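Start from the sequences, fold in the hints, and give me the full structure.
Everything in the sequence shown is counted per my numbering, starting at 1 for the first residue and increasing by one.
Just to be clear, a hint being listed does not mean it is correct.
[Unchecked claim] Below, computed lysine-lysine pairings styled on DSBU-like, alpha-carbon distance capped at 30 Å:
no.	residue 1	residue 2
1	Lys80	Lys61
2	Lys49	Lys80
3	Lys108	Lys61
4	Lys49	Lys103
5	Lys94	Lys49
6	Lys108	Lys80
7	Lys61	Lys7
8	Lys102	Lys61
9	Lys108	Lys7
10	Lys108	Lys141
11	Lys46	Lys103
12	Lys108	Lys144
13	Lys102	Lys65
[Said to hold, decoys possible] Using C-beta positions, here's what the derived DEER-type ranges look like:
no.	residue 1	residue 2	range
14	Lys7	Lys94	41 to 49 Å
15	Met131	Met1	28 to 36 Å
16	Val110	Gln2	42 to 50 Å
17	Ser60	Met1	16 to 24 Å
18	Asn28	Val110	19 to 27 Å
19	Ala150	Ser11	18 to 26 Å
20	Glu98	Thr8	20 to 28 Å
21	Cys106	Val39	16 to 24 Å
22	Val119	Arg50	35 to 43 Å
23	Trp99	Ala36	19 to 27 Å
24	Ser60	Leu121	40 to 48 Å
25	Glu98	Val39	38 to 46 Å
Just so you know, these hints were derived from the structure itself, not from any lab.
Quick caveat: nothing in here was measured; it's all calculated off a predicted structure.
All C-beta atoms in this analysis are idealised placements derived from N, C-alpha and C, irrespective of residue type, glycine included.
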Amino acid sequence: MQLKHLKTVLSAQEGPARIMAIAWSPNNLKLAVCNADRVIVLFDEKGEKRDKFPTKPSDSKNGRKSYVVKGLAFSPDSTKLAVGQSDNIIFIYKLGEEWGDKKVICNKFVQQFPVTCLVWLTEGPVVYGQMDGKVRVAHVKANKSQTLYATNSYVV
1 MQLKHLKTVL
11 SAQEGPARIM
21 AIAWSPNNLK
31 LAVCNADRVI
41 VLFDEKGEKR
51 DKFPTKPSDS
61 KNGRKSYVVK
71 GLAFSPDSTK
81 LAVGQSDNII
91 FIYKLGEEWG
101 DKKVICNKFV
111 QQFPVTCLVW
121 LTEGPVVYGQ
131 MDGKVRVAHV
141 KANKSQTLYA
151 TNSYVV
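Structure, rendered in structure tokens:
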């Protein structure tokens with residue numbers, strides 16, 4: 001396999017963890033990048049910046065710097081984006097079909113421990129790991145979550 005650099009979509013920035021998470025949509029038309037300001041920037045398939053929106057803390061009393069975005073995952077139809085955060089929550093944002101559509105939170109999955117990673121299955125729920133060692137699933141349509149597996153190790 002050969003890789004070829006086509007374009008730089010975000011210029012280099014100083015400081016640690018300037019990019020917190022990144023995800024490519026299943027329909028290959030959207031790229032989501034979460035930067036250190038906790039803002040998700042959306043790019044089209046050509047690498048052009050098309051939209052952006054800020055993430056939110058789980059508790060509005062806390063500021064934007066009170067959490068870290070640990071993972072991003074697009075829904076199978078590429079119209080929603082799961083955002084796993086270190087402040088014990090997963091937000092599901094409805095992005096819509098078109099670039100100008102309003103970005104709204106359509107689901108919240110509050111957890112007891114910080115989310116460490118996540119993936120949205122091609123058919124089915126969001127699977128995510130937690131700091132306490134549990135692997136859980138979030139059923140978006142039912143707005144419920146359950147534990148799949150538990151261990152005494154941090155899930156990566």
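Each hint, compared with the structure:
1. Annotation: proposed proximity of Lys80 to Lys61 holds, straight-line Cα distance about 26 Å (limit 30 Å).
2. A distance of roughly 18 Å separates the Cα atoms of Lys49 and Lys80; the hinted pair therefore holds under the 30 Å criterion.
3. With a CA separation close to 17 Å, the supplied pair Lys108 and Lys61 stays within the 30 Å bound.
4. Taking the CA atoms of Lys49 and Lys103, the gap is near 16 Å; set against the 30 Å cutoff, the hint holds.
5. Distance restraint check for Lys94 and Lys49: the Cα-Cα separation of roughly 18 Å lies within the 30 Å cut-off, and the hinted pair is therefore satisfied.
6. Between Lys108 and Lys80 the CA atoms are separated by roughly 13 Å; this keeps the pair inside 30 Å, and the hint holds.
7. Our distance criterion of 30 Å between C-alpha atoms is broken by Lys61 and Lys7, whose separation comes to about 39 Å.
8. Distance check on the hinted pair: Lys102 and Lys61 sit about 24 Å apart at the alpha-carbon level, within 30 Å; holds.
9. Simply put, Lys108 and Lys7 have alpha-carbon atoms about 35 Å apart, too far for the 30 Å limit, and the pair is violated.
10. Of the supplied pair hints, the one linking Lys108 and Lys141 holds, its CA atoms being roughly 12 Å apart against a limit of 30 Å.
11. Only pairs whose Cα atoms come within 30 Å are accepted, and Lys46 paired with Lys103 is accepted, the gap being roughly 21 Å.
12. Taken as a hint, the Lys108 and Lys144 pair is honoured in the structure, with Cα atoms around 10 Å apart against an allowance of 30 Å.
13. Taking the CA atoms of Lys102 and Lys65, the gap is near 24 Å; set against the 30 Å cutoff, the hint holds.
14. For Lys7 and Lys94, the Cβ-Cβ distance of about 28 Å falls outside the hinted range of 41 to 49 Å, so the restraint is violated.
15. Judged by the Cβ atoms, the range 28 to 36 Å given for Met131 and Met1 holds: they are separated by roughly 34 Å.
16. Distance hint check for Val110 and Gln2: the Cβ-Cβ separation is about 44 Å, which falls inside the suggested range of 42 to 50 Å.
17. The supplied range of 16 to 24 Å is broken by Ser60 and Met1, whose beta-carbon atoms lie about 45 Å from each other.
18. For Asn28 and Val110, the hinted distance range of 19 to 27 Å is not satisfied, since their beta carbons lie about 32 Å from each other.
19. The supplied range of 18 to 26 Å is broken by Ala150 and Ser11, whose beta-carbon atoms lie about 42 Å from each other.
20. Taken as a hint, the range 20 to 28 Å holds for the pair Glu98 and Thr8, whose Cβ atoms sit roughly 26 Å apart.
21. Against the hinted window of 16 to 24 Å, the Cβ-Cβ separation of Cys106 and Val39 comes to about 19 Å, which satisfies the hint.
22. Checked against the hint of 35 to 43 Å, the pair Val119 and Arg50 fails, with Cβ atoms roughly 24 Å apart.
23. The hinted window of 19 to 27 Å between Trp99 and Ala36 holds, with their beta carbons roughly 24 Å apart.
24. Remark: the range hint 40 to 48 Å for Ser60 to Leu121 is contradicted by a beta-carbon distance near 31 Å.
25. Between Glu98 and Val39 the beta carbon distance is about 20 Å. The supplied range of 38 to 46 Å is therefore violated.
This entry does not satisfy hints 7, 9, 14, 17, 18, 19, 22, 24, 25, going by the numbered hints stated previously.
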